[in-house]
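Q: Sequence:
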Amino acid sequence: MADSYGESPLASRAELLAHAGAPGAVHLAEVPFLAQVALRVDPKSAAAERVGTALGAMLPTQPGEVAEAGNVSVLWLGPDEWLLVGPRGSAEEIQETLTEALADEHAAVVDVSAHRTILDVAGPLARELLNKGCALDLHPRSFEAGRCAQTMLARAGVILVCRDAETPRFWVFVRASFAEYLADWLADAADEYRTRHTRTAIDDVEPRQPEPAR
1 MADSYGESPL ASRAELLAHA GAPGAVHLAE VPFLAQVALR VDPKSAAAER
51 VGTALGAMLP TQPGEVAEAG NVSVLWLGPD EWLLVGPRGS AEEIQETLTE
101 ALADEHAAVV DVSAHRTILD VAGPLARELL NKGCALDLHP RSFEAGRCAQ
151 TMLARAGVIL VCRDAETPRF WVFVRASFAE YLADWLADAA DEYRTRHTRT
201 AIDDVEPRQP EPAR
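Quick note, the sequence shown lines up with residues 1 to 214 if you use UniProt numbering.
A couple of the hints might just be wrong.
With beta-carbon atoms standing in for the labels, derived distance ranges [claimed, not checked]:
1. ASP191 / THR53: 44 to 52 Å
2. HIS19 / ALA54: 42 to 50 Å
3. PRO23 / SER177: 29 to 37 Å
Cross-link-like lysine to aspartate or glutamate pairs, in silico, DMTMM-like; alpha carbons within 20 Å at most [said to hold, decoys possible]:
4. LYS44 / GLU105
5. LYS132 / ASP184
6. LYS132 / GLU93
7. LYS132 / GLU92
8. LYS44 / GLU30
Because the hints were derived from the structure by calculation, they are not lab data. Quick caveat, the model's predicted, so the values are computed rather than measured. We put the beta carbon where it would ideally sit given N, CA and C, even for glycine.
Kindly produce the complete structure, drawing on both the sequences and the hints.
A: Below, the structure written as structure tokens:
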């Protein structure tokens, strides 16, 4: 079957991201074409309970909570709003599952896969990099794995998800129209880590000059 996805929003920034940051410090990459389906439904309704049963995990009800339902992540975005994120090509299947569970109840299911792309920000200095443009406290005690937040990063509206707190890894969901801007900002903000890493590597290799005799 032919690939119907075309070019990802950050295809033109692939090389930039690949060379941004520094090994062992920060890694940047695009995670393109994941399925993203928006759901609006009354969380207290029977329909919401049926959705949870169909997915294999109840819809999260606490702010910033992320539930895992097999290979689908369910992000809490509001009291009656969620974003379901699944593997590439699974949007139709997710929609069908939701629609069947909702039956004729008042709800909304929309494929928004084309609205946003995802930037993967990982490495020991990932939090430091993100906090250059984001006011959230990203320390694990405040923003642990399995948490999400709608916030601003470098003045761009994003959804931030902590994928791993111990070996820091974050997913940044950004609208396609802002993706190149944000990729450029992250690459520029990470430039100091490449410089720092290079300087450290040189210092490790260069022999220390002996002190002059006194």
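Q: All hints, please: hold or fail.
A: Okay, the hints, checked on the actual structure:
Separation of ASP191 from THR53 is about 49 Å and conforms to the stated range, judged on CB atoms against 44 to 52 Å. Separation of HIS19 from ALA54 is about 43 Å and conforms to the stated range, judged on CB atoms against 42 to 50 Å. Between PRO23 and SER177 the beta carbon distance is about 31 Å. The supplied range of 29 to 37 Å therefore holds. As the CA atoms of LYS44 and GLU105 are separated by approximately 12 Å, the hinted pair is consistent with the 20 Å bound.
Taken as a hint, the LYS132 and ASP184 pair is honoured in the structure, with Cα atoms around 14 Å apart against an allowance of 20 Å. Taking the CA atoms of LYS132 and GLU93, the gap is near 38 Å; set against the 20 Å cutoff, the hint is violated. With a CA separation close to 37 Å, the supplied pair LYS132 and GLU92 exceeds the 20 Å bound. A C-alpha spacing of about 36 Å is found between LYS44 and GLU30, which places the hinted pair above 20 Å, so the restraint is violated.
Violated hints, in rising order: 6, 7 and 8; the structure is consistent with all others.
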